[in-house]
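Counted from 1, the sequence shown has number 123 at position 123 by the working numbering; the numbering is strictly sequential.
Please keep in mind that the hints were generated in silico from the structure rather than gathered at the bench. No residue lacks a Cβ here, since even glycine has one placed at the ideal position from N, Cα and C. Mixed in with the good hints, there may be bad ones.
FRET-style restraints, in silico, Cβ to Cβ [as the list claims (entries may be wrong)]:
1) Asp179 to Gly149: 12 to 22 Å
2) Val178 to Glu139: 38 to 48 Å
3) Ile72 to Asp172: 28 to 38 Å
4) Lys159 to Gly62: 19 to 29 Å
5) Ser102 to Met73: 28 to 38 Å
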Amino acid sequence: LPSASFPYMPTVYPTFPTYAAFPSPTIPSTYLPVVGLGVSSWGLPVPALAPSPRPSGGRLDGHTVGFIGLGIMGRPMAQHLRKAGADVVICDTNAQVVAELSAEGMRSVKSPKDVAQAAPVTILMVPDTPTVERVLRGEEGVLAGLQAGGIIIDMGTTKVTATRFLAEEVRDRGGEYVDAPV
């Protein structure tokens, strides 16, 4: 209801067509997940989630995760990893943010290479393709320090063709590349 603090809220909400007005698509059985189907609020079939093999609580104690890119999105992500118990190794161009997160118990290093040497999983939360390429390549890049079997998770917005080439470079160095844009 409208109030002094929320005067812009409508008093009468508009009505929408019922969900029955939107037909549900028929999905071939070959696309259905083994774990079954649910139904969304729109009446569309949705895969049901399989139970997680990880115990509830999602603790990451004893795991080391590298994090590069501690801006608006990266910083809270790194903080959540730390709160979950992970040893978070960080690197960023903003020295103030690095100092603040170090005070919260994260371990700072001087280069992306050092992050990859310290952590089997390195998360990149940088803004664009050129930045991802700079962080990965070069003498001080992630690829220079990538552990055998290391995993790089790119959460930035990277061009598809560049992502394919970068993934190939990582595989050639014995690692895995996960494209996970947010």
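Tested hints:
1. Roughly 18 Å separates the CB atoms of Asp179 and Gly149, a value that falls within the hinted 12 to 22 Å.
2. Between Val178 and Glu139 the Cβ separation comes to about 24 Å, which falls outside the hinted range of 38 to 48 Å.
3. Here the CB-CB span from Ile72 to Asp172 is close to 33 Å, well matched to the stated 28 to 38 Å.
4. Here the CB-CB span from Lys159 to Gly62 is close to 36 Å, at odds with the stated 19 to 29 Å.
5. Against the hinted window of 28 to 38 Å, the Cβ-Cβ separation of Ser102 and Met73 comes to about 19 Å, which falls outside the hint.
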